[in-house]
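J.: Sequence:
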Amino acid sequence: PLEKDTDGDKFSDGVEVQAGHDPTDDKDKPGSVVVQPSFVPINSNAAELYGPVLTQAGMNYQENHYSGGVIFNNNAQNNYDVHTSGSPPPNQSDDFIVPYLDHGGGGNTISTHN
3 PLEKDTDGDK FSDGVEVQAG HDPTDDKDKP GSVVVQPSFV PINSNAAELY GPVLTQAGMN
63 YQENHYSGGV IFNNNAQNNY DVHTSGSPPP NQSDDFIVPY LDHGGGGNTI STHN
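Take any residue in the sequence shown, note its place counting from 1, add 2, and you have its number in the numbering used here.
Among the hints, a few may not be true.
Using 25 Å as the maximum straight-line C-alpha spacing, the simulated DSS-like pairs for lysine-lysine come out as follows [stated by the list, open to error]: (1) 6 to 31; (2) 6 to 29; (3) 29 to 12; (4) 31 to 12.
Across the chosen pairs, the derived CB separations fall in these ranges [as the list claims (entries may be wrong)]: (5) 12 to 61: 11 to 21 Å; (6) 28 to 60: 17 to 27 Å; (7) 77 to 28: 33 to 43 Å; (8) 71 to 8: 20 to 30 Å; (9) 89 to 34: 27 to 37 Å.
Think of the hints as simulated: they come from the structure by calculation, not from any bench. Heads up, the beta-carbon is just placed ideally off N, CA and C, and yes, glycines get one too.
Construct all of the structure, not just a fragment, from the sequences and the given hints.
T.: This is the structure we're talking about:
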């Protein structure tokens, strides 16, 4: 195929070929791709803990708020330990889903999705 997306299924021909699918058949397309992190996720999906929402499109994240003196600049290991141990617990915790996480096509182009 000489097109970016020959069959118009919103998957580039290169991605389809790499995944073993036919880039000329719009019904033969890759499914969702799950990328496993190379680190232990913060509060991964144990019961009642924060984890990814795989049923909604977009990027989900959790924002935790702590009292003063808990999270510090230039102290990544301590900050990671606080998040993964749950000690001390946050004063407030909110979950969000951002419908799109797209930095555009590069160069001077910025995505209209953000």
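J.: Confirm or reject each hint.
T.: Outcome of the hint check:
no. : hint                 : result
1   : 6 to 31              : holds (14 Å)
2   : 6 to 29              : holds (17 Å)
3   : 29 to 12             : holds (11 Å)
4   : 31 to 12             : holds (9 Å)
5   : 12 to 61: 11 to 21 Å : holds (18 Å)
6   : 28 to 60: 17 to 27 Å : holds (24 Å)
7   : 77 to 28: 33 to 43 Å : violated (51 Å)
8   : 71 to 8: 20 to 30 Å  : violated (58 Å)
9   : 89 to 34: 27 to 37 Å : holds (34 Å)
When held up to the earlier numbered hints, the structure conflicts with 7, 8 and fits the remainder.
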